[in-house]
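S.K.: Dock chain B against chain A, hints included.
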Amino acid sequence: MVKEIERAGIPVVHMCTITPISLTVGANRIVPTIAIPHPLGNPALDKAEEKKLRRHLVEKALKALETHVDGQVVFDK
Amino acid sequence: MSKLRVVHYINQFFAGIGGEEKADTPAELRVGEVIGPGMALKASFGEEAEIVATIVCGDSYFAENMDKAKEQIIGWVKEQKPDVFIAGPAFNAGRYGTACGAICEAVQNKLNIPVVTGMYIENPGADMYKNKIYVFPTKDSAAGMKDAAPLMAKFALKLGKKEKIGSSKEEGFMPGKRINFFAEKRGSERAVDMLLAKIAGKPFETEYPMPEFDKVAPNPEIKDITKATIALCTSGGIVPKGNPDHIESSNALKYGEYDITGVMELTSDKYETAHGGYDPVYANERPDRVLPVDVMRDLEKEGKIGKLHNKFYTTVGNGTAVASAKKYAAEYAQKLKADGVDAVIMTST
Numbered sequence: 001m002v003k004e005i006e007r008a009g010i011p012v013v014h015m016c017t018i019t020p021i022s023l024t025v026g027a028n029r030i031v032p033t034i035a036i037p038h039p040l041g042n043p044a045l046d047k048a049e050e051k052k053l054r055r056h057l058v059e060k061a062l063k064a065l066e067t068h069v070d071g072q073v074v075f076d077k
Numbered sequence: 001m002s003k004l005r006v007v008h009y010i011n012q013f014f015a016g017i018g019g020e021e022k023a024d025t026p027a028e029l030r031v032g033e034v035i036g037p038g039m040a041l042k043a044s045f046g047e048e049a050e051i052v053a054t055i056v057c058g059d060s061y062f063a064e065n066m067d068k069a070k071e072q073i074i075g076w077v078k079e080q081k082p083d084v085f086i087a088g089p090a091f092n093a094g095r096y097g098t099a100c101g102a103i104c105e106a107v108q109n110k111l112n113i114p115v116v117t118g119m120y121i122e123n124p125g126a127d128m129y130k131n132k133i134y135v136f137p138t139k140d141s142a143a144g145m146k147d148a149a150p151l152m153a154k155f156a157l158k159l160g161k162k163e164k165i166g167s168s169k170e171e172g173f174m175p176g177k178r179i180n181f182f183a184e185k186r187g188s189e190r191a192v193d194m195l196l197a198k199i200a201g202k203p204f205e206t207e208y209p210m211p212e213f214d215k216v217a218p219n220p221e222i223k224d225i226t227k228a229t230i231a232l233c234t235s236g237g238i239v240p241k242g243n244p245d246h247i248e249s250s251n252a253l254k255y256g257e258y259d260i261t262g263v264m265e266l267t268s269d270k271y272e273t274a275h276g277g278y279d280p281v282y283a284n285e286r287p288d289r290v291l292p293v294d295v296m297r298d299l300e301k302e303g304k305i306g307k308l309h310n311k312f313y314t315t316v317g318n319g320t321a322v323a324s325a326k327k328y329a330a331e332y333a334q335k336l337k338a339d340g341v342d343a344v345i346m347t348s349t
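Heads up: the sequence lines are chains A and B, in that order.
All residue numbers for the first sequence refer to the numbering used here, where the first residue is 1 and numbers rise by one.
All residue numbers for the second sequence refer to the numbering used here, where the first residue is 1 and numbers rise by one.
Same shape as in the complex, but just chain A (with noise of 0.2 Å):
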């Protein structure tokens, strides 16, 4: 789905937990994620703490869009 939306040419970000997956699929700006059944939240945290980890990894994402890359790079730092 990453690889149409590219197509289209709208740049894309994939956010993921398995990142193997995502480059064997051809998604170009990738994200690593925390678990796969809560990929953006963290249910060990509370509320607030969970949702800061949340706009952290939304933000490196936003990141991801805003760097230019020739071809596919996970952001994991």
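Hints are computed from structural coordinates only; laboratory data are not their basis.
Warning: the hint list may mix true and false statements.
[What the hints assert, rightly or not] Facing chain B, according to a computed beta carbon distance under 7 Å, are these residues of chain A, among others: (1) Glu-4; (2) Pro-11; (3) Cys-16; (4) Leu-23; (5) Gly-26; (6) Pro-43; (7) Leu-53; (8) Arg-54; (9) Leu-65; (10) Lys-77.
[Unchecked claim] Derived contacts from chain A toward chain B, CB cut-off under 8 Å, selection only: (11) Leu-40; (12) Val-58; (13) Val-69.
By construction, the Cβ of each residue, glycine as well, lies at the ideal position given by its N, Cα and C atoms.
M.R.: Same frame as chain A, but now just chain B:
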């Protein structure tokens, strides 16, 4: 020569029993009956073969009682002593295609009777069984019967008469089932021949086509994210509570487009996941954990992004055919473009 004996397997729908509400119909043997698609096969057989029995089984019944149903059906097929066994065609019906594949495989392996079935290339049964049995490609709906039946019937005659079966390309079945043969020239010679033909600009044919690695080059970065309209999409199955469009929990046959104008966060009373391939507890508790609307709204308010697009696109990426996923995203990507979306965040579970 006497007519070849054929046993035909079909589901409850093609037997005229009923649709989904009758999918739990147990397997039954109908000796001497030619039903539904069997008529089309019969027309193609002419005087060379006859359907001596039709076995009918509900798709859910087969899926839920596979061992029992297989054993029962195998018993019936054995009694009928067919020269060839035909199942379907199943077109794009997933459970039916899987049933056709499973029963064909069982008949072939347990009774040593040649088998053939047919289905649409994206039917999950195709990938599961095309390496094991002969599967003919069909259209995705029963409208393809008139094309599929003669091909399957002709091939069934060939199998029944124990004629030599050629490659998938010659015969028309899906590549996967391998046919061994001795090549006249050894590999090194064939490779050199191919190379010479290539250099001379003559046509040549590879013996092993490489899988296609379809790469799409990245689009340029967003110059000013504070002016950009960003859309959220997911394969994690987030939908409004109650799943109004009934997106399937696996092998999704559709995607959803939902308006989130004025929605500040995804709460458990209004949203949930339709995904059947992961533990839904955490996503249902707080759907923002999969589709981060809450954070995007904050960023929007703070001017860190231009705007969160007022629609999100979602499907269930659980056993969903690659071709389906491709089709859904290609379609909604055009909508996103038309709506002036600058960038997409896709989340996966």
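S.K.: Now tell me if each hint is right for this structure.
M.R.: Here is what the structure says about each hint:
Interface hint at Glu-4 (chain A): satisfied, since its Cβ lies 4 Å from the closest Cβ of chain B, which is below the 7 Å cut-off. With 7 Å as the threshold, the beta carbon of Pro-11 (chain A) comes within range of chain B, its nearest partner Cβ sitting at about 4 Å, so the hint holds. Against a cut-off of 7 Å between C-beta atoms, the interface hint on Cys-16 (chain A) holds, since the closest Cβ of chain B lies about 4 Å away. Given hint, Leu-23 (chain A) at the interface with chain B, is violated; its Cβ is 11 Å from that chain's nearest Cβ, farther than 7 Å.
Nearest Cβ of chain B to the Cβ of Gly-26 (chain A): about 6 Å, under the 7 Å cut. The hint holds. With a least beta-carbon distance of about 5 Å to chain B, the hint placing Pro-43 (chain A) at the interface is held under the 7 Å criterion. Taken as an interface hint, Leu-53 (chain A) does not check out: its beta carbon lies about 10 Å from the nearest beta carbon of chain B, beyond 7 Å. A hinted interface residue such as Arg-54 (chain A) counts as satisfied when its beta carbon comes closer than 7 Å to some beta carbon of chain B; here the least separation is about 5 Å, so the hint holds.
Hint status for Leu-65 (chain A): holds, given a least beta-carbon distance of 5 Å to chain B, under 7 Å. Below 7 Å, beta-carbon pairs count as interface contacts, and Lys-77 (chain A) has none with chain B, the closest being about 17 Å; its hint is therefore violated. Residue-level restraint check for Leu-40 (chain A) holds (minimum Cβ-Cβ distance to chain B is 5 Å; threshold 8 Å). Given hint, Val-58 (chain A) at the interface with chain B, holds; its Cβ is 5 Å from that chain's nearest Cβ, closer than 8 Å.
The closest approach between the C-beta of Val-69 (chain A) and any C-beta of chain B is roughly 5 Å, which is under the 8 Å cut-off, so the hint is satisfied.
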